[in-house]
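S.K.: Spelled out from the first residue to the last, the chains are:
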Amino acid sequence: MIKSLQARNAPLADTGYQLTVLTEAEAAGARLPAFGQKLRETGLLPLRPTALQTMQINVGRMCNQVCKHCHVDAGPDRKEIMTRETMQLCLDALAQTDIAVVDLTGGAPEMNPDFRWLVEQISALGRRTIVRCNLTIIVANKQYHDLPEFFARHQVLVVSSLPHFSAGRTDAQRGEGVFEKSIRALKMLNSVGYGQPESGLLLDLVYNPSGAFLPGSQAGLEREFKQRLGREFGIVFNSLLTITNLPVSRFLDYLLESGNYEKYMQQLVDAYNPTAAANVMCRSTLSIGWDGQLYDCDFNQQLDLLVGGAAPKHIRDFDEARLHDRNIVINQHCYGCTAGAGSSCGGATT
Amino acid sequence: MDSTYYNPADLAKFGNITEWQPEMGNKFFAYYAEVFKEGALTEREKALIALAVAHAVQCPYCIDAYTTDSLQKGADEAQMMEAVHVAAAIKGGAALVHGVQMMNKAKEMSM
Chain A
1 MIKSLQARNA PLADTGYQLT VLTEAEAAGA RLPAFGQKLR ETGLLPLRPT ALQTMQINVG
61 RMCNQVCKHC HVDAGPDRKE IMTRETMQLC LDALAQTDIA VVDLTGGAPE MNPDFRWLVE
121 QISALGRRTI VRCNLTIIVA NKQYHDLPEF FARHQVLVVS SLPHFSAGRT DAQRGEGVFE
181 KSIRALKMLN SVGYGQPESG LLLDLVYNPS GAFLPGSQAG LEREFKQRLG REFGIVFNSL
241 LTITNLPVSR FLDYLLESGN YEKYMQQLVD AYNPTAAANV MCRSTLSIGW DGQLYDCDFN
301 QQLDLLVGGA APKHIRDFDE ARLHDRNIVI NQHCYGCTAG AGSSCGGATT
Chain B
1 MDSTYYNPAD LAKFGNITEW QPEMGNKFFA YYAEVFKEGA LTEREKALIA LAVAHAVQCP
61 YCIDAYTTDS LQKGADEAQM MEAVHVAAAI KGGAALVHGV QMMNKAKEMS M
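So the sequence lines, in the order shown, correspond to chains A and B. Under UniProt numbering, think of the first position of the first sequence as 1, with each following residue one higher. Under UniProt numbering, think of the first position of the second sequence as 1, with each following residue one higher.
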């Protein structure tokens, strides 16, 4: 298993250094235009929020996996997790809004000891939970084996990463043996009804490219995945969401180490899509960090880029109107969400 | 003059061929785009065919472009290498099948 950047004391564990890398090419007069310049040309600068639809809570960086592309730099060594007190502040804020969906991410969110309590409280408020489940957590330890039943009881929408229908490409990104465990976990989810027609239990898969290239067509890949996973393993799921890897944390490290950084950034810039730019998820999402701090998205969160201007910076000071009246913080990594068909936690945006 | 015939940066300039003959160039690119759309074959299948042909015609630009495209369309290493073997089998077979012609000629000339 590889180690997190933090465990390796790698320079990129410092988010300030990541931002220097991302902006350096621009400062050196390289070909990459500033993201803000592109937005200006599209008439989207400053980037402003639309109606708030999703509260995304990162309940901690602890994870049983150490994926090569992880923008959170998550892993078993990361101990930063959200306390029940901070979760309560999130719930208090949620209760003041009409937000229908709470998106729980991590790390492996299920490793937070208060994860189940949080899901129960969200259900009690009549809101829907999305869990970004890495699949292997379900089979990692006996205490997690009943997660499929727990998810089903609360009608949780399960969104799970499976970068390829072949073991080789999946394990190359997510670690040795991850594919086999993911298949076992998917079968467990299917057996309680997830992904089955008419069950009302939704199981979506996330496709991230295993390398320095953009995802192909979401519809085409979904057909391929359904065919292959169905034929070879008897697995069913609802939708495939294609997500572009953003040059943040361990994926940035991979790009630099493999000599792909400049070419990849150029690909993102060349594929800039104004429609995708108008549909970026940060406009309708509020991202909350493990310590309660507020961000425009989970990528900004991992770069320590707090919400800008006079907007409240912590969930204890939540104020929807003041948050709505803010300019979204942007940087060069944002090109990842505007390339090609666009990318968000919900997949392609065009 | 560059020291090699092939420059990777030239791939991105492919579209420039329309500068000296816009009508034909534009028609070619419109046709090209149509060919690679999903139809009776999926986009992934077309990318793999293109990858195989790229090896058969030994075009470095095409190998670069269709390795990337195959990965983007969801192909894995095994599929890509099998596609290259298809190209190799046809190229090898095309040489070997002419062995029959050689045999015919040799038999014709021999006692």
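Incorrect hints may have been included.
Pairs of lysine-lysine, PhoX-like flavour, derived with a Cα cap of 20 Å [stated by the list, open to error]: (1) A:K313 with A:K263; (2) A:K142 with A:K68; (3) B:K13 with A:K263; (4) A:K68 with A:K79; (5) A:K68 with A:K3; (6) A:K226 with B:K46.
Examples of chain B residues lying across from chain A (beta carbon under 10 Å, computed) [stated by the list, open to error]: (7) E23; (8) N26; (9) A30; (10) E34; (11) Q72; (12) G74; (13) D76; (14) Q101; (15) M103; (16) N104; (17) K105.
Don't read these hints as lab results, they were simulated from the structure. Glycine included, C-beta positions come from ideal geometry on N, C-alpha and C.
S.K.: If a hint holds in the structure, say so; if it does not, say that too.
M.R.: To see whether the hints hold, each was checked on the structure:
Restraint check: the Cα-Cα separation between K313 of chain A and K263 of chain A comes to about 35 Å, which exceeds 20 Å; the hinted pair is violated. Of the pairs offered as hints, the one joining K142 of chain A and K68 of chain A is violated, with about 26 Å between alpha carbons and a cut-off of 20 Å exceeded. For the given pair, K13 of chain B sits about 15 Å from K263 of chain A by alpha-carbon distance, which is consistent with the 20 Å threshold. At most 20 Å may separate the alpha-carbon atoms for a hinted pair to count; K68 of chain A and K79 of chain A meet this at roughly 19 Å.
A hinted pair counts as satisfied when its Cα atoms are at most 20 Å apart, and K68 of chain A with K3 of chain A qualifies at roughly 9 Å. Proximity of K226 of chain A to K46 of chain B is assessed by CA-CA distance (about 19 Å); at most 20 Å being required, the pair is judged to hold. Below 10 Å, beta-carbon pairs count as interface contacts, and E23 of chain B has none with chain A, the closest being about 26 Å; its hint is therefore violated. Below 10 Å, beta-carbon pairs count as interface contacts, and N26 of chain B has none with chain A, the closest being about 20 Å; its hint is therefore violated.
The criterion of a C-beta within 10 Å of any C-beta in chain A is not met by A30 of chain B, whose closest approach is roughly 20 Å, and the hint is violated. Taking 10 Å as the C-beta cut-off, the interface hint given for E34 of chain B is violated, the closest approach to chain A being about 16 Å. The interface hint given for Q72 of chain B holds, since its Cβ lies 4 Å from the closest Cβ of chain A, which is under the 10 Å cut-off. Among the interface hints, the one on G74 of chain B holds; its C-beta lies about 5 Å from the nearest C-beta in chain A, closer than the 10 Å criterion.
At about 4 Å, the closest approach between the beta carbon of D76 of chain B and any beta carbon in chain A falls short of 10 Å, and the interface hint on this residue holds. Hint on Q101 of chain B is violated. Least Cβ distance to chain A is approximately 42 Å, over the 10 Å limit. A cut of 10 Å between beta carbons decides the hint on M103 of chain B: the least distance to chain A is about 43 Å, and the hint is violated. Look at N104 of chain B: its Cβ only gets to about 46 Å from chain A, farther than 10 Å, so that hint breaks.
For K105 of chain B, the interface hint is violated, since its Cβ never comes within 10 Å of a Cβ in chain A; the closest pair sits about 47 Å apart.
Checked against the numbered hints given earlier, the structure breaks hints 1, 2, 7, 8, 9, 10, 14, 15, 16 and 17 and satisfies all the rest.
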